[in-house]
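Trainee: Chain by chain, the residues run as shown.
Number of protein chains: 2
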Amino acid sequence: MQDWSHARRMERKTIGCVPTMGAFHRGHLSLIEASASDCDETIVTIFVNPLQFSPTEDFRQYPRNEESDLKLARENGATAAYCPTVDAMYYPDRSVYVIEDTLKEVLCGKSRPTHFAGVTTVVAKLFNACLPDRAYFGRKDYQQLLIIRRMVRDLDFPLEIVDCPIIREPDGLAMSSRNMYLGDKERQDALSLKQALDAARTAFDKGERNARAIENIARSVIEKAETARIDYIECRDAGNLSEVIDIDRPVVLALAVSIGSTRLIDNIILNPGKEG
Amino acid sequence: MQDWSHARRMERKTIGCVPTMGAFHRGHLSLIEASASDCDETIVTIFVNPLQFSPTEDFRQYPRNEESDLKLARENGATAAYCPTVDAMYYPDRSVYVIEDTLKEVLCGKSRPTHFAGVTTVVAKLFNACLPDRAYFGRKDYQQLLIIRRMVRDLDFPLEIVDCPIIREPDGLAMSSRNMYLGDKERQDALSLKQALDAARTAFDKGERNARAIENIARSVIEKAETARIDYIECRDAGNLSEVIDIDRPVVLALAVSIGSTRLIDNIILNPGKEG
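One line per chain: the protein sequences are A and B, in this order.
Going by the working numbering, 122 is the number at position 122 of the first sequence; the sequence numbering is gapless.
Going by the working numbering, 1258 is the number at position 258 of the second sequence; the sequence numbering is gapless.
It is possible that part of the hints are untrue.
From the structure, some residues in chain B lie toward chain A, with a derived Cβ separation under 7 angstroms [said to hold, decoys possible]:
#: 1; residue: P1055
#: 2; residue: F1059
#: 3; residue: I1099
#: 4; residue: T1102
#: 5; residue: E1105
#: 6; residue: N1128
#: 7; residue: D1154
Quick caveat, the hints were computed from the structure, so don't treat them as lab data.
Glycine included, each C-beta is placed from N, C-alpha and C at the ideal position.
Could you put the whole structure together from the sequences, leaning on the hints where they help?
Mentor: Put into C-alpha cells, the structure is as follows:
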C-alpha cells in the first residue's frame, strides 16, 4: 500500500483516504464521492478493527461484505482499496498504541473505555500505510471525528481531515452498518433518536438555551420508545466536548441509545451564532 | 519542515533524519555522518523534549548549545535542521500520545516510568514533520532503540531505523551530553561502567553463560567506585528484552548507574553464536 501511495505521490497525484469497517451504506459512499471529487486518487480502507471492540461487543457478528463493498467503492470513485487481514495489521507481540486521554473521557468513551484507543491506533496505521493528503470521516461519529482531528494536530500527521454530513434514511434514521441488526419494532423505535434531536432543535430555535432543558426534551422523546435504553444524551462544547450549562457557543447534542441489543448514536450541532 | 521534506521527496531525494536533544558530542556527529553518507538530505532535529523528563529530572539544566550544534551539524553533512520550540511542539490542551507498553516495563522504564511515552510521542511527531526515509539512533540508548523500532513496526511508519555503534571517549566512557555534569572524581568513577562491561565480556568470552553470574561480575566492578550507585545491571534478550537465565541467544548486558547525581547508561551485546 505504501509503495502504491509513494508512487502516486511521485506522480504528483493527490490522495484521499476513506477509512471504513466495510458494510457500506450511503454514508460511506458519500465519503468516497467527496474524496473522489477532491483528490486524484481515492483509497478506501476496509478493516473491521478488533482493537476498537470490547470483548462484549459485536466484533464477530459485525457485517462483512467485502466483495459488494469493493464494487460499490469502485462505482463511487475509489481508485484503490486496502483490506488488510487482522494478522497483517497486528503482530502477536504488538505493544505500541496511540491514545487520546481527554476527549475520550466523556460520551461514548465512558461506556466504551478502550474504544477510542483502538480507533486512534488503527487510523494512525492506516494513515501511515496510505499516506493520504486528505482523510474523510462522517460527522455521525462526532467524538471520533474530534479525536482523530486532535491526533492529526498533536502528532503532526501531514494531512487534512475532511468531515462530511450525516446521511439519513428517508425517515430520518442515521445510516449505520448496525441498522441491519434491527427487527421491525426496533427499526420503528430507532426513529426516536432523530425525533429527539428534532424536538431539541425546535426548542433551541424557539430560544431555549439551557443545556439541561434541551437534553430533557430529547430524553422525553426517546423514553417513549419501548425497546430504547438511553446510554447518554448530552449537550457539550462542539470543539472540545467540555461541559456546557448555557448554550452560548456551538454545542453538539449527542446521544447514544441501545435499541434492543443494538447501540446507535446520532447528533446535531446547535449553533447560537447562526439562525435556523 | 513538512513542506521542505515534501519538496525534497518530489525531487526524488532520499531523506535521513537524526533526532537529537542537542549538546552534540561525537556520538551525535557519527549519526549525522552515517545519514549524510546514506541519504541525499540529512535533517538534524534539536529539541529538548520536556515530555521525556520527569519533574525531578534535569530538563531545565540539560545542556543547550544550539548555535555550535548547528555549526557542527553542517560541518558533518546535515543539510537541514529542525529546532522547534516547546510551544510549537505541544499545545496546552494536547491529549494524544504514542505509548509502548511492554518493552518499557524493564530497565530504564522501571525508574523512569513516563520517559519512553515521551520519547515515542516526540519521535512520532518528528517523523511526521521530517518525513524521512531513514532515521538514525545510537545503540547507547538500547532500550529506546528497540522501542522506536517497535513503534515503526506497530504503527507502520514508512521509514527504516538505522542503529549506529556507541562512540566512546579514548578512556572508554560512552559519549553522553550528561558527561559534562561530572566532577573530576566522578569522571574517574564513571569509567567503572565500561570496565564492568569489559569484565563481563571477558568472563563471557571465557565461557561464562549464566546471566546472573555475568551481572554479578559487572556489579562487583561498579561497587568499587565510591560515587557510583547502581540503578540496574541486567542481561536481557537483545531482541525483546525478556528475561534470560542461560545466555543461549544474543543478550544485551545493560546498566544504569548514578555517578553522584548524574545518571549514566551503557551496554554491550553478548552473542553466543559469534566468537570474540
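Trainee: Next, verify each hint and record whether it holds.
Mentor: Cross-check of the supplied hints:
no.	hint	result
1	P1055	violated, 18 angstroms
2	F1059	violated, 20 angstroms
3	I1099	holds, 6 angstroms
4	T1102	holds, 4 angstroms
5	E1105	violated, 9 angstroms
6	N1128	holds, 4 angstroms
7	D1154	holds, 4 angstroms
Of the hints listed earlier, those the structure fails to meet are numbers 1, 2 and 5, in rising order.
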